[in-house]
Amino acid sequence: MKDLDQYWRYSFVGALLCAAAIGIVLRIMSIQADPQRLKQLEAEIEQVTKVQKTIVPARGQIYDRWGNLLAGNKKVYEIGVELQDVEDPQFIAHAVSMIVPDIKYEYVFSMASLKPSPSAVYATLTRFAPQEAVDKLELLKKQLKEDYVANGKDAPSLRGLVYYPHLERYYPEKALASNILGFVSRDNQGYFGVEERFNELLSGKARTVLVPTDPNRVEEMPEVPNGASLVLTIEREVQLAMEEIIDDAVAETGSASGTLVVMNPKTGEIIAMATTPRIDLNEYWRLEEVFPPGSNIPFNRAVGQAYEPGSVFKPLTMAIALDTGAVTPDTVFVDTGSIEVGGIFIVNWNRGAWGPQDMTGCLQHSLNVCLAWVATQIGPNNFYRGLQAFGLGHLTGVDLAGEVAGRLKAPGDNDWFASDLGTNSFGQGIAVTPVQMAAAISAIANNGVMMAPKIVRSVINDGYQHDIEQRVIGMPIKPETARTLSEMLARSLEKESSDALVPGYRVAGKTGTAEIPIPGQGYTSNQTNASFVGWGPVDDPQFLVYVWLEKPSTSPWGSVVAAPVFRRAVEKLVIYLNLPPDDVRRRLASSN
Amino acid sequence: MEQLEYLAKSYTQAPWRRQLQLIGLFSLFLVLAALVAGIYLNVSAKTAIIGRDIQAKQRMLESLDRDIEDRTARLASILSVAEMEARARKLGFEQVQPEQIVYLKLPGYIERGAVILAPYAQKTVVSAPMIPAEYTESLFTWLRRQASFTMLRLSEAKP
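Those protein sequence lines, which keep their order, are chains A and B.
The end of the first sequence is residue 1112 by my numbering, with every number in the run present.
The end of the second sequence is residue 168 by my numbering, with every number in the run present.
Keep in mind that a hint or two might mislead.
[Stated by the list, open to error] Derived pair list, reagent style DSBU-like, types lysine-lysine, alpha-carbon separation capped at 30 Å:
id	chain 1	residue 1	chain 2	residue 2
1	A	K570	B	K55
2	B	K66	A	K661
3	A	K570	B	K99
4	B	K114	A	K786
5	B	K66	A	K656
6	B	K99	A	K694
7	B	K99	A	K725
8	B	K99	A	K662
9	A	K624	A	K662
10	A	K665	B	K55
11	B	K55	A	K573
12	A	K573	B	K18
In short, the hints are calculated from the structure, not lab data.
Given the structure is predicted, the values throughout are model-derived calculations rather than measurements.
The shape of chain B in the complex, shown without the other chains:
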């Protein structure tokens, strides 16, 4: 019994060593926690910056849309029929009279057609997806697909 106690005492760590181990473990935990927190902060900061960026771009998009509308209207105002007529008169043009018009036949002349401001609606053509399945399916689906593919090949290989 005494021997056992002696052995136990002999192999028992010194108290300062155990404290050091605990401190080490705690420090490791702290370092890990700090690391995780650091990564988290870094990622969330980046996310926040990108988020702000997206919000700014959305605002810019709205602003650009408004500017396009505004400039289209301003341009139309500059090109309005009254403005154009006044400008033409200033440049010395005058309205043509019926007797001044000479009608000529121009081979190949194509008459002005209806205005097309947007493409005409067409029937939707269902096409094959452009992204390969590997980029869209889950790991399990991929494994299942691979397994069934292998099974199929094995069954085909049988005489």
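Next comes chain A alone, as it looks inside the complex:
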């Protein structure tokens, strides 16, 4: 009986264990068979055994055309407190507020005094402390350690204060080319210029990985490539010289702003683009001091502000006229002082009658009446088709953020009137950006071929350099037309003994003075936009310079205020670009 009783007990325990074993096996099988549950389990395990780490690649660098660094990255520190380790929040607050710039005692004290909890283990004091501040804190820590050894527990303590290095955008040239570069905010977002236009390419792709805490399970960290670097077409020294020239010109002429664009008409490469105002990019948070909100001042006027260019536009009208055969250089127009186009009367800048003039004379004396007549000879369809071929009214696609397209009205538009043909012919009632004008005029300098203006010369990505090819965006006029017009414009400058002439170098160009319209009132103000566009040497153009001074107060005329700026710019350019005077160049070429 006893044996039987024992047998049942053993059998029962055996059965119980078997059932438990089967249950475990079934559970294992159910888990193994359920991929979702498996993933969930793996995730739970990973949470315990791995920590999340975001690898932020270094932002790509920006160089000028000769490899000088314009935008790089410097090391800064995030300073924080491990709340559990803090012993002396008062001393931490004292030390940090004394050493680290722009951080207040009260803030540090309140953060360091926080009670540690599962949801509060660490508090950030600042994310962008300079290396020098951290060096000082480190030195202080060292001294405190020595004091602690000498005095024991009573010594003040920085325990719990920690710092982690990371990178921040840095511009070694400060304000130089700031309008071209733009800046990067502390959340690694590019604003304006190249930084905004190529933000994704420059910033690279951050990657979040799980790093095992167990050293036995250490895994290879994934390669996160740095952001792509850019080589610009800008020449640092030329850019500085042009910025100095335009700053001086703005100060001398009492202008509201100044813009100067230097371009290679053969390649479309922009060598310098100087505009006012500018900011030190390392202190971008002062942006609103220079560009007050609501003031509508564009960060880069060369691409971001369209304006009525005035007479500097006349070469385009003449180019279309010569190209379509509407006129020849020898066509004579008898200027009677006014002309009626579309119901309005157009007069010259001095309201005078200039009598018989050939086309060079019309350009030389900048006669509105003559150019309006030329436009009527071209006819509206050919005229506007020609302007569109010069890229007006469209974005040039220059590698900068914030480009505007300007405004070119054309027959068929609701706001186009027949009188616009006359006013548009001398650059009134039409809105263009300096870079649009430079690109359009470059077609005249470059045998009729219009190159796309470009700022980025090469991209360095994944360890390889890729050059950006020059792009032809059109051939608005024939090569003969371009050569003829260049010659006409060179002669017109020479005949009027322009202030734009540069000794030793033959240049072609045109001044422009445009009245500024007041919305709803028309051209009633005395304020003007003074411009000059020119290029040289005429027989082998290496540069094209576009100058725009907004609302000059010493004189309203482009020939007085803008032409000398062109000359000063060219005098510097020929040195930086190693361009010998024409006679020397020809002599050197003939000795080959």
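For chain A, the structure is supplied; the task is to place chain B on it using the hints.
Coordinates of chain B only, in the frame set by chain A:
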């Protein structure tokens, strides 16, 4: 039957001997287990040290990358155009005027070319693998390869 029992008793091990054998076996098992545990500990300790080393080196690599970026920026700051100009002026240099420049023809002079900061991307050339197959294939693949090679040679040897 008695004889059989006698024989069985005669050849039965003494209890102390059997206990000794069991203890011996158990000790052997313990020694083996300790050996395995020791090897395991040794290997895992080495792995942990190497793991820590790798982690430290990864941190060092990140730190060096940051230092390179930082020093490049600092160097650029020292060589910035404003700094260089100020230094040049301090050394007594002044900006050249157009009339001071003399242009000479230098035979063999090569004009400054475009800056090359990285090699240009080239077409990938597919080359033969550098590591011999013996180092990469599994034992079974190697055996299969050897077998097929032998078969081929045998078939070729036939008249």
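A quick look at each hint next to the structure:
1. Between K570 (chain A) and K55 (chain B) the alpha-carbon distance is near 21 Å, which keeps this suggested pair within the 30 Å criterion.
2. Proximity of K66 (chain B) to K661 (chain A) is assessed by CA-CA distance (about 25 Å); at most 30 Å being required, the pair is judged to hold.
3. With a C-alpha separation of about 57 Å, the suggested pairing of K570 (chain A) with K99 (chain B) is violated against the 30 Å cut-off.
4. A threshold of 30 Å between alpha carbons decides the hint, and for K114 (chain B) with K786 (chain A) the separation of about 24 Å falls inside it, so the pair holds.
5. For a cut-off of 30 Å, the pair hint linking K66 (chain B) to K656 (chain A) stands: about 26 Å separates their Cα positions.
6. For the hint linking K99 (chain B) to K694 (chain A), the alpha-carbon distance of about 21 Å falls within 30 Å, and the restraint holds.
7. Simply put, K99 (chain B) and K725 (chain A) have alpha-carbon atoms about 45 Å apart, too far for the 30 Å limit, and the pair is violated.
8. Between K99 (chain B) and K662 (chain A) the CA atoms are separated by roughly 40 Å; this puts the pair beyond 30 Å, and the hint is violated.
9. For a cut-off of 30 Å, the pair hint linking K624 (chain A) to K662 (chain A) stands: about 23 Å separates their Cα positions.
10. Between K665 (chain A) and K55 (chain B), the direct Cα distance comes to roughly 33 Å. Violation of the 30 Å bound is thereby established for this hinted pair.
11. A distance of roughly 25 Å separates the Cα atoms of K55 (chain B) and K573 (chain A); the hinted pair therefore holds under the 30 Å criterion.
12. With a CA separation close to 73 Å, the supplied pair K573 (chain A) and K18 (chain B) exceeds the 30 Å bound.
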